[in-house]
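Protein sequences, first through last, are from chains F and C.
With the working numbering applied, the first sequence corresponds to residues 2 to 297, in that order.
With the working numbering applied, the second sequence corresponds to residues 23 to 471, in that order.
The hints are simulated quantities; they were obtained by calculation from the structure and are not laboratory data.
What you were told as hints is all true, and nothing was included just to trick you.
Reference listing, derived: stretches of chain F covered by chain C, where coverage requires no fewer than 3 residues with Cβ under 8 Å from a Cβ of chain C: (1) 46-60; (2) 232-246; (3) 261-269.
Just the calculated beta-carbon pair ranges, DEER-fashion: (4) Leu-125(F) x Glu-349(C): 48 to 58 Å; (5) Arg-271(C) x Leu-125(F): 30 to 40 Å; (6) Ala-133(F) x Gly-81(C): 45 to 55 Å; (7) Leu-80(F) x Gln-106(C): 29 to 39 Å.
Where chain F lies over chain C, by a calculated footprint (3+ residues, C-beta under 8 Å): (8) 103-112; (9) 439-447.
Because the structure is a prediction, the values reported are computed rather than measured.
Yeah, the Cβ is synthetic: ideal placement off N, Cα and C, and Gly gets one too.
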Amino acid sequence: MTVWQRARGRSAPWFLLPALALLAVFVVWPLLRAGWWSFTNADLLSPERSQGVGLANYADLAGDGRFRRAFGNTWLFALLVVPLQTVGAFFLALWVNRPEPAWRWLRAVFFVPVVVAMPVLAVLWTLLYQPAQGGEMGPVNAALAVFGVPPQAWLRDPTLALPAIAFMSIWQGVGLQMMVFLAGLQGVSKELLDAARIDGAGAWQRVWNVVIPAMRNTIIFVVTVTTILAFRIFVQPYLMTRGGPGNSTLSLIQSVYEMTFISQDLGRACAAAMAFLLLVGGLTWLQRRLLKEERE
Amino acid sequence: MSVLCGYPGFRVLTGVLSVVLLLSCGAGCRRAPTDDGGKKVIRVWSHQGQEAENRAMRGIAKAFNQAHAERGLRVDLSFFPDFQYAEKLAIAAAARDLPDAFELDGPAVARLVDAGLLAQLDAYFDRAERDDFLPTIIAQGTVDGKLYALGAFDSAVVLYYDRDLLAKAGVKPSTDDEGWTWDEFVQACERLQAAGIEPLAMHMDDSADEWFTYAFSPVVWSGGGHLIASDAPRVRGVLASKENLRSLRAWQDVFTRKFAATDPVDPNPFGNGKVAMDWTGHWMARAHLEKKGDRLGAMRLPRMGEKPVAPCGSWCWGVSTQAGDPELAALWVRWVTDAKTGVEPLVRANGAVPARRSAFAAFPEYSENPYRLFREQLETTARPRPRTPFYATLTGRFAAALRDIARGADVEARLKQAEDEVQSVIDRRVGGGKIKREEKEAAEQEGRP
Numbered sequence: 002m003t004v005w006q007r008a009r010g011r012s013a014p015w016f017l018l019p020a021l022a023l024l025a026v027f028v029v030w031p032l033l034r035a036g037w038w039s040f041t042n043a044d045l046l047s048p049e050r051s052q053g054v055g056l057a058n059y060a061d062l063a064g065d066g067r068f069r070r071a072f073g074n075t076w077l078f079a080l081l082v083v084p085l086q087t088v089g090a091f092f093l094a095l096w097v098n099r100p101e102p103a104w105r106w107l108r109a110v111f112f113v114p115v116v117v118a119m120p121v122l123a124v125l126w127t128l129l130y131q132p133a134q135g136g137e138m139g140p141v142n143a144a145l146a147v148f149g150v151p152p153q154a155w156l157r158d159p160t161l162a163l164p165a166i167a168f169m170s171i172w173q174g175v176g177l178q179m180m181v182f183l184a185g186l187q188g189v190s191k192e193l194l195d196a197a198r199i200d201g202a203g204a205w206q207r208v209w210n211v212v213i214p215a216m217r218n219t220i221i222f223v224v225t226v227t228t229i230l231a232f233r234i235f236v237q238p239y240l241m242t243r244g245g246p247g248n249s250t251l252s253l254i255q256s257v258y259e260m261t262f263i264s265q266d267l268g269r270a271c272a273a274a275m276a277f278l279l280l281v282g283g284l285t286w287l288q289r290r291l292l293k294e295e296r297e
Numbered sequence: 023m024s025v026l027c028g029y030p031g032f033r034v035l036t037g038v039l040s041v042v043l044l045l046s047c048g049a050g051c052r053r054a055p056t057d058d059g060g061k062k063v064i065r066v067w068s069h070q071g072q073e074a075e076n077r078a079m080r081g082i083a084k085a086f087n088q089a090h091a092e093r094g095l096r097v098d099l100s101f102f103p104d105f106q107y108a109e110k111l112a113i114a115a116a117a118r119d120l121p122d123a124f125e126l127d128g129p130a131v132a133r134l135v136d137a138g139l140l141a142q143l144d145a146y147f148d149r150a151e152r153d154d155f156l157p158t159i160i161a162q163g164t165v166d167g168k169l170y171a172l173g174a175f176d177s178a179v180v181l182y183y184d185r186d187l188l189a190k191a192g193v194k195p196s197t198d199d200e201g202w203t204w205d206e207f208v209q210a211c212e213r214l215q216a217a218g219i220e221p222l223a224m225h226m227d228d229s230a231d232e233w234f235t236y237a238f239s240p241v242v243w244s245g246g247g248h249l250i251a252s253d254a255p256r257v258r259g260v261l262a263s264k265e266n267l268r269s270l271r272a273w274q275d276v277f278t279r280k281f282a283a284t285d286p287v288d289p290n291p292f293g294n295g296k297v298a299m300d301w302t303g304h305w306m307a308r309a310h311l312e313k314k315g316d317r318l319g320a321m322r323l324p325r326m327g328e329k330p331v332a333p334c335g336s337w338c339w340g341v342s343t344q345a346g347d348p349e350l351a352a353l354w355v356r357w358v359t360d361a362k363t364g365v366e367p368l369v370r371a372n373g374a375v376p377a378r379r380s381a382f383a384a385f386p387e388y389s390e391n392p393y394r395l396f397r398e399q400l401e402t403t404a405r406p407r408p409r410t411p412f413y414a415t416l417t418g419r420f421a422a423a424l425r426d427i428a429r430g431a432d433v434e435a436r437l438k439q440a441e442d443e444v445q446s447v448i449d450r451r452v453g454g455g456k457i458k459r460e461e462k463e464a465a466e467q468e469g470r471p
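Can you build the whole structure from these sequences, using the hints too?
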């Protein structure tokens, strides 16, 4: 070990200190505090008067129909969005991966919804999904009518509302994943593709046997990030349906928000937040275990 | 990827955790009246309304400071947008960082009183002064017979109508002061519809939950029903009562028979001449009068049962129990609810109904409809929304039920669902939480088991 290396070893903690201190204050401490409150009956307006209730908050959540509905909705949303958005983004990336300037424009077009603020898009899509009323029809229904599909009350129908929001979310988010895939595509070796072509591999075979294996790490990254984003679903249903009709689009985040600020039941809200943290953290961990990244 | 990104739930929880962080102030944060170069400063929070209203509020604060300059007293006024105002208050309360005096929405009074955050105002307003306020303002600020909040203005909802359009369909507006019965109202809608005129706007596109509870509770009340029991925090058997099922089924018919739109695109179809009647509040009076002039009429909301009931309630002012000097804070509340220094400038700016009887003299429009009716119903038939610590949950679940019912949900099943959801929140708190604890403490003090 050189002198330099030894010195570096000694000084490293000092360089880490500012970051660690910030983490401790803004992440670790609130997390511990939230964990602590999750075992109490703390009231948001007077948390200092709380009493320990053991695991009651967690048991209570497990038996709460509304929370379970939110849990199920969020899972369903993720199951719809993650595969469709990942596959969609992958093929979009393959499609627009061309050097001519016209394709650059198309890439920009797909990326626009990522840049626009979600509340704006939520209002826009609420109008697009407008049900038929008094002879007037929203654009989505009008477009489907061309193909003979009868008009639907997209956001008002308990069975259609969540898929409708999932579709809108995929449309909104697919551009971002497409960009990540595009970046990944630049790393696929041209020589390999040419070699495959010379060996007589068709387009599908080249994608399946060359592109996908070469983009393994990119795909893992996209799936992981999309999963996390999907579980965080909140803004779209909150603005488009308020979690209704019934509780059919109620998300986990909305239910935590309501526990915190509407019923102001801080202990229970913290328990729900901890459960959510464990769920998403656990899923991410599982994904990274199952889909090991390749490292050089 | 960094270690942190491997556990991205950290980021997901930012919202909740920041609340937690803010709460970490703990005890010992109680403020003394801030000293600012020998001046005493009263910290005051107000909701951010429209710019004219904010300007009026700033003017009121400025006048207060001028009037109290000799005493070395000053208010420090902050505005917060109304869509996050309740959250702002809750976080401040939890962090023991409430301002000395603050504005709050009428139905929130009971919850803050329950949490011990509002100081009593009885001592600061004598009998004569209290009698000068509209009865609805006193009722809204009173919990268990004690006064905790007073406002500078109140609100009203009426059924506006276009005389010409009604005449075209051969519909006669109600001539007595009671308004229509529900049957008369439905007949009027039928006739308008038959004449090819869209009958009614109900503003179902309103993004705020509160509109639904506020505007349509009178349907429940006039039908003899309630939202919550008056003697105990209980909605089971109350929200989905026989009376409410009957009233809200009749209300649902308004939408199923297409008298009013469930998903309106135009926010002001009445003003734009597309519908004949408008179920809306005092805030539309100026615009409707400008558009329609003499053609504009207004009557009470139709009644489900014998007696009409009107909604009421608005922003009001309270003094924090954390205030360094409650007396100084109350001085500001007196100023902002005073007929001359508070009510007049605010009402001129926002067009709401003056909260004090002595203030009406300054508003000559109150001799005629629709304004005359606003005051009339606040003096006689208006009823404040339930004064319960569980109001926020109640209104959220009830409003969601109303939205679904308007769009065709089964009335009984949907009200039962709301009942269950609200009751479970109540049971949790009354069962294991604060209220039971206090009952236990009271019992111990009295030597009961």
